[in-house]
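Student: Each chain, letter by letter, is given below.
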Amino acid sequence: MASGQTSPAPKRNFGLSSVTRAINELTIVVGFVAISVYLAITTPSFLTSANLLSILLASSLIGIVAVGETFVIVTGGIDLSVGSVVAFTGVMAGLALNAHIPVPIAVLLGVGIGALSGGFIAFAVTTLNMAPFIVSLAVLAMARGLAFIVTNGNTIFSFPDAFDNIGGGNIGPFPVAALIAAAVFLIAGLVLARTVFGAEVYAVGGNRDAARLAGIPVTRTLAIVYIISGALAGLGGVVLAGRLDSAQPIAAVGLELNAIAAVVIGGASLFGGKGSILGTLLGVLIIGLINNGLTLKNVQPFWVQFIQGAVIFGAVLIDSLNQKRRGG
Amino acid sequence: MASGQTSPAPKRNFGLSSVTRAINELTIVVGFVAISVYLAITTPSFLTSANLLSILLASSLIGIVAVGETFVIVTGGIDLSVGSVVAFTGVMAGLALNAHIPVPIAVLLGVGIGALSGGFIAFAVTTLNMAPFIVSLAVLAMARGLAFIVTNGNTIFSFPDAFDNIGGGNIGPFPVAALIAAAVFLIAGLVLARTVFGAEVYAVGGNRDAARLAGIPVTRTLAIVYIISGALAGLGGVVLAGRLDSAQPIAAVGLELNAIAAVVIGGASLFGGKGSILGTLLGVLIIGLINNGLTLKNVQPFWVQFIQGAVIFGAVLIDSLNQKRRGG
Amino acid sequence: MATGLGRKTPRKCGPDSMTRLLEMQGISMGFPGVKALSDVSISLDRGEVLGIVGENGAGKSTLMKILAGVFRPDAGQLHLEGVPFSPRRPKDALDAGIIVIHQELSLIPERSVAENIFLGHLPRGRLGGIRRAALNREASRLLARVGLSVSPRTLVRRLGIAQQQLVEIARALSREARVIVMDEPTATLTTAEQRILFATIATLRNAGVGLVFISHHLEEVFEICDRVTVLRDGAAVETRATKDWTEDALIQAMVNRPIEALFPARHATLGEVLLQVEGLSSAGRFEDVSFELRAGEVVGLGGLIGAGRTEVLKTIYGALPATKGKIHVESRERHIRSPRQALSAGVALVPEDRKGEGLVMPFSLRTNVAMSTLTKVSWLRSILAQGRIDRLAEHAVEDLRIRTPGIRQLVRSLSGGNQQKVVLSRALTTKPRIFLLDEPTRGIDVGAKVEVYRLINALAERGAAILVVSSDMLELLGLCDRVLVMRTGRIAGMVAKADFSQERIMALAALG
Amino acid sequence: LAWAASAAHAADSYTVGLSVATLANPFFQGMTKGVQAGIAQHPDLKLINTSANGDANTQTNQVTDLINQHVAALILNPINANSIVPVVKEANKKGIPVFTLDRGAACGDCQVNFLETDNVALGKEGADFIAEQLKKRYGSVKGNVVDLEGLLGTTAGDEREQGFAAELAVLQKDNPDLKLVAKQAADFDADKAFNIMTQLLAAHNDIDAVFNGNDDNAVGAIRAIRQANRFAPIGDPKHIVIISIDGTEQALSAIRKGQMDGTLSQNPLTMAKQSVAYVEAYLHGDKASIPAHQFWPHMLLTKETIDSPAAKAYGLWGDEVSQ
Ligand SMILES: Nc1ncnc2c1ncn2[C@@H]1O[C@H](COP(=O)(O)OP(=O)(O)OP(=O)(O)O)[C@@H](O)[C@H]1O
Ligand SMILES: Nc1ncnc2c1ncn2[C@@H]1O[C@H](COP(=O)(O)OP(=O)(O)OP(=O)(O)O)[C@@H](O)[C@H]1O
Ligand SMILES: [Mg+2]
Ligand SMILES: [Mg+2]
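Chains as they are written, first to last, in this note's numbering: chain A, 32 to 359; chain B, 32 to 359; chain C, 41 to 552; chain D, 267 to 589.
Simulated from the structure, these hints should not be mistaken for laboratory data. Quick reminder that beta carbons are idealized off the backbone N, C-alpha and C, glycines included. Do not rely on the hints blindly, as some may be mistaken.
[Stated by the list, open to error] Which bits of chain C does chain B cover? Going by a derived footprint, with three or more residues having C-beta under 8 angstroms, they are:
(1) 132-143
(2) 147-156
(3) 159-170
[What the hints assert, rightly or not] List of simulated lysine-lysine pairs, DSSO-like, C-alpha gap at most 27 angstroms:
(4) Lys449/D / Lys328/B
(5) Lys523/D / Lys553/D
(6) Lys305/A / Lys416/C
(7) Lys355/D / Lys312/D
(8) Lys328/A / Lys449/D
(9) Lys364/C / Lys305/A
(10) Lys328/A / Lys439/D
(11) Lys328/A / Lys445/D
(12) Lys408/D / Lys578/D
(13) Lys401/D / Lys539/D
(14) Lys328/B / Lys578/D
Working from the sequences, and respecting the hints, build out all of it.
Tutor: Encoded structure:
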């Protein structure tokens with residue numbers, strides 16, 4: 032055994048994975064920039080600060096929810112319940128406020144109920160070993176039902192200003208909701224990319240059996256991920272109720288599909304192990320940009336859905352062509 | 032080393048697989064029977080032939096669509112577009128009829144457009160290597176948009192009787208739509224369980240790389256599966272338009288989630304490789320029974336969604352507990 | 041080889057027996073950052089068994105995947121019976137009668153054994169229906185030929201990994217073959233199955249089929265092959281008739297350096313009992329397993345496939361539930377219910393199925409190595425310290441001589457043996473005192489094997505206790521201080537070093 | 267009418283089947299409550315109530331189930347006037363009288379009575395209201411108008427838009443400075459309206475008035491104006507006129523607070539009670555008093571009129587329904 036044996040010198044692919052990832056995100060960035068430039072040129076009011084802030088504001092609810100969805104999707108799961116949970120937590124917080132419960136407690140209640148609902152999904156997925164898709168589909172129906180049951184179908188409205196400001200206030204020129212979303216993105220981005228927990232989330236999504244045998248607390252990781260998603264949906268419910276000064280049991284129908292679309296446009300794989308908060312941010316902003324463009328350009332409403340679908344398709348198409356070109 | 036040496040005799044696993052499968056389906060059957068008995072005892076009008084036929088009729092649309100979804104899910108894919116495709120093909124067939132195109136051609140047009148839309152998904156999934164979830168989500172939005180665009184948002188109505196009979200007529204005591212659904216289930220059941228194509232569908236879903244290495248035409252199999260799903264959604268669109276003597280661009284919103292729920296209640300796994308048409312039939316009928324029961328028992332509408340969610344959860348829970356008990 | 045379901049009679053010899061059955065000429069192939077093959081030429085005659093040996097990552101599997109139509113070469117030609125041949129997908133190769141049993145198992149877990157065997161050419165009846173009766177009948181016949189006695193209706197999911205390997209072999213026999221390639225078919229097999237496989241190979245050879253046999257077990261290569269080609273660093277360095285090779289020459293050609301002893305000497309002193317297992321049972325898996333491991337001791341666990349060795353290891357490790365029994369680690373009773381608890385009790389496991397349970401394939405080497413010690417390579421046990429992770433991975437690459445372009449290489453693109461080293465290096469990061477190694481040298485080349493043995497010795501010398509499951513009899517005898525033998529879920533007996541012989545172990549493993 | 271014979275039901279109690287399009291909007295709740303209240307006034311009537319959750323096929327299935335239960339009469343609030351026709355005809359065949367609420371069945375006399383609000387008129391009056399307010403502000407009908415449509419493909423959304431667009435076109439002919447700066451579908455969804463309005467406010471700093479397809483759209487518009495710091499009280503030259511349709515509790519509250527100019531109120535409660543009264547009359551053989559079609563009156567509610575005796579007489583259903 033000659034000990035001087037060397038392995039073949041690393042050639043051009045040292046750190047390839049991070050370069051690859053950067054290129055991946057670059058594509059989205061390019062798409063993002065292209066749409067922005069197009070809108071800036073064709074629509075005078077696009078590049079005003081009021082308009083740009085309005086995009087951030089419009090993206091804040093879906094953004095908050097999409098962050099939670101990112102965690103879930105990176106583990107290879109999916110959470111279809113978030114739209115219904117936004118509605119349910121919104122009306123619960125609203126009912127609490129109408130019962131003169133102080134604002135901070137009502138906010139905590141909304142987030143807490145969201146976390147509980149996430150905990151329920153987590154329990155079913157981990158302990159009962161049920162498929163996330165179907166569990167969260169069941170919770171989608173149950174949470175929506177509960178939202179109607181507790182409100183008797185009525186709109187709950189007229190909340191204290193302190194509450195409304197969470198969704199509808201401004202700090203300086205910045206909408207509070209957008210600031211909250213920014214904080215959520217920042218913290219989640221650091222957690223997923225830089226912490227032990229984040230690494231565990233990726234490992235569980237990459238290969239659950241291997242993660243378990245490597246000593247990673249798979250059950251705990253999965254549970255936390257669904258609780259995060261539920262809690263953020265709860266936060267979304269609070270933000271939405273505040274923004275509209277009212278909470279409706281029918282709110283946010285279909286929000287989950289938009290959130291999932293944003294996460295996937297951002298480069299995550301529904302098979303798990305792949306995705307990032309930065310990607311999700313770009314995905315959310317692309318959707319926001321497009322909606323903004325459609326509004327600014329006064330596109331005929333009939334076309335809006337079609338164009339949104341085409342954009343989702345285009346974004347993922349570019350990503351997959353890129354991967355192909357790189358021989359992935 | 033003695034060369035006549037044999038490995039230890041197989042112990043408890045002779046033919047275990049079919050027993051397992053039978054037990055699995057048995058659970059659904061038991062659930063199905065339990066619900067039926069409960070309704071029969073507590074609701075006098077449940078066991079009338081008119082009511083039972085109405086359950087079949089009510090289940091026929093979701094059933095036809097769920098059959099296509101079963102093929103897709105067994106390959107490990109998913110088709111979220113079916114609800115929108117039902118609406119789009121319905122209005123296209125309707126427009127054709129209103130342009131005095133003969134009924135059979137209008138029917139073929141509806142089915143054909145559905146197949147085309149499935150072909151589009153197939154192309155994106157196979158050749159472009161895009162994730163089925165996101166492709167079909169994009170098609171969901173695009174097909175819905177197209178349905179609005181071609182109709183200008185209007186309802187298309189007043190079709191020839193020959194067309195309406197497809198969805199709303201009877202042959203003897205039997206609703207034509209239910210007979211069509213029965214035929215679809217029968218043929219699909221035979222194809223999936225008994226043919227080489229069916230085995231290939233399972234193989235592609237069970238382990239795609241292995242299937243390719245074994246020389247199975249993976250791309251073709253996947254393509255056919257999405258085309259089947261699209262074509263059956265098209266057939267669903269025709270049946271629905273016939274039944275309502277009208278076609279609306281807003282029809283069948285969310286139908287995909289119900290169809291997927293039925294397939295999963297029927298024992299299919301969203302990871303692919305597992306599922307059966309018989310299971311899907313039971314899943315569809317359970318959903319039909321529950322909706323019927325909720326009306327017959329005059330359950331307050333607010334509770335309906337909650338109960339539907341709870342039933343989905345319960346069905347899959349039983350299945351997973353069973354699997355656990357067997358140490359699966 | 042027709043099986044009765046095949047359409048034509050078996051092709052014995054080509055029309056022109058002067059042309060070679062198969063020629064691969066000047067094959068080159070690169071992956072991003074890796075030149076896997078450069079200008080490799082091999083040839084194969086009818087009725088010949090060609091052995092291909094080489095270190096991990098030498099390019100053996102890549103060459104065969106080119107033949108199978110999985111990869112397309114960057115340069116080079118293939119000729120089949122003198123006719124140019126360029127398979128674009130696996131089906132092309134299969135249709136031409138080239139059957140490859142790939143190194144990675146490729147079965148459909150939720151389908152029956154019979155369907156898996158005939159996958160891709162199921163007997164088609166009217167209207168595309170499957171002829172089930174014929175299918176099961178033919179599958180039974182093939183199963184008997186490979187010595188696997190399970191019902192053709194059993195789901196593959198229910199089979200152990202070795203049984204699955206036999207199904208793969210049966211699958212190759214189901215096709216009308218001109219060339220059969222076996223890429224490490226014996227890696228998971230015990231001696232008994234290996235004997236049956238060799239008998240089968242002999243029959244195939246006599247029927248005029250050309251075979252390529254890849255193995256890291258050189259004694260097997262010497263036994264079954266007519267010629268042997270050595271690949272090193274992507275190049276074919278030498279081909280000779282088997283009789284012209286000696287083991288030393290072969291190893292020398294493979295590693296380009298001399299190997300002194302396959303099993304290096306160990307100078308460990310036995311210390312206190314580190315692991316004591318008493319009456320351990322796991323319902324339906326194994327019963328009443330008791331043994332102890334001492335510091336500095338290397339104990340083998342032998343047995344036939346399906347004996348339950350993997351299950352014993354996984355149960356001690358907390359990955360499977362124990363239904364009875366006690367486990368003492370360093371004289372303290374421990375209730376280990378999860379791998380996490382096992383690791384913190386100082387017990388590490390290297391699983392046998394590295395693709396399914398060992399590695400996260402789409403992740404980098406670095407991430408895979410760090411997976412068990414994330415909190416230790418972080419600040420405040422929660423924020424990852426990238427520099428520490430890099431150093432951990434770099435050390436792993438150095439210590440175990442992992443052949444990789446860099447620590448950020450995806451493990452998916454490492455060769456099998458190097459992947460195994462990554463799993464081993466991860467187990468080392470938790471600094472355990474008790475090692476449970478399940479087939480630790482499966483699919484590893486000789487050079488790497490010796491390194492693993494040295495590593496095991498070094499661990500033992502530092503006072504670790506090591507339990508090694510292996511289906512390689514020579515390894516058990518050469519490496520271990522004593523060998524426990526399992527039969528159908530029970531410990532059938534123990535063989536002390538003084539009594540070591542293959543016959544003793546086989547007798548305990550197989551006889552009633 | 268051939269099926270009238272079944273009114274000779276000898277039973278002393280009748281089961282009435284109700285199918286509303288959805289319960290996702292307070293208006294339909296008002297309708298359900300109105301039917302329930304009406305039934306409660308008649309001891310001989312019992313109710314089975316269902317909601318179709320916005321899906322025409324579900325509604326057809328539910329009505330089929332009700333028919334198979336042999337209800338004595340059906341009160342239907344169809345999702346779509348055309349798609350309900352087959353099942354209405356089915357009911358006719360079985361001798362079950364059908365009463366339609368808010369939206370009819372497109373088969374003429376297949377229903378005993380069709381009671382609705384005039385959606386086209388609502389849209390038209392919305393345009394007129396805006397014109398009037400602008401005239402007050404500028405002395406002439408001019409200014410920039412935003413149209414937040416309802417959900418496309420629904421009768422309410424489409425007919426209101428139709429009425430609004432037609433009237434706006436008429437107004438624009440005489441007043442070329444009356445401009446429609448944006449028309450977007452807000453889908454009867456407050457959050458969607460909020461997002462669209464936020465962006466429109468960023469793009470146009472001179473919006474004078476917003477027409478809303480319903481009160482939920484208006485809620486979103488109001489909140490967007492507040493968030494953008496563009497709110498000015500009614501009467502202020504910078505005030506953005508908000509007019510919508512329905513009269514939900516939240517709209518009433520916003521009008522009282524001066525956040526919103528007005529809503530064209532319907533009254534689903536009284537309308538539904540009336541429908542039950544027709545059912546009762548019909549089942550007791552009194553068919554002469556039942557009109558085939560009837561527009562239920564609507565009323566413009568503004569800060570001035572909302573607490574007037576006239577409004578009280580008309581009924582503030584939004585306030586009543588949540589009690
Ligand atoms: N899909 C792939 N992508 C990138 N590199 C690959 C891929 N497959 C193999 N390689 C690289 O090609 C080289 C040859 O690998 P190959 O699997 O052919 O080796 P091998 O001789 O079969 O080794 P082993 O004995 O370990 O199975 C290795 O350096 C490996 O890392
Ligand atoms: N098809 C099957 N159905 C049920 N149980 C099975 C089946 N195959 C194996 N088992 C059980 O699983 C246990 C161990 O199987 P496995 O092949 O993994 O054993 P092993 O000794 O670890 O073999 P290996 O040599 O492959 O490591 C045995 O107790 C056997 O009874
Ligand atoms: Mg190899
Ligand atoms: Mg084993």
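Student: Evaluate each hint against the coordinates.
Tutor: Now for the hints, and whether the structure bears them out:
no. : hint                : in the structure
1   : 132-143             : holds (count 4)
2   : 147-156             : holds (count 7)
3   : 159-170             : holds (count 9)
4   : Lys449/D / Lys328/B : violated, 45 angstroms
5   : Lys523/D / Lys553/D : violated, 45 angstroms
6   : Lys305/A / Lys416/C : holds, 24 angstroms
7   : Lys355/D / Lys312/D : holds, 23 angstroms
8   : Lys328/A / Lys449/D : holds, 11 angstroms
9   : Lys364/C / Lys305/A : violated, 40 angstroms
10  : Lys328/A / Lys439/D : holds, 25 angstroms
11  : Lys328/A / Lys445/D : holds, 16 angstroms
12  : Lys408/D / Lys578/D : violated, 34 angstroms
13  : Lys401/D / Lys539/D : violated, 39 angstroms
14  : Lys328/B / Lys578/D : violated, 38 angstroms
Violated hints for the displayed structure, listed by number in ascending order: 4, 5, 9, 12, 13 and 14.
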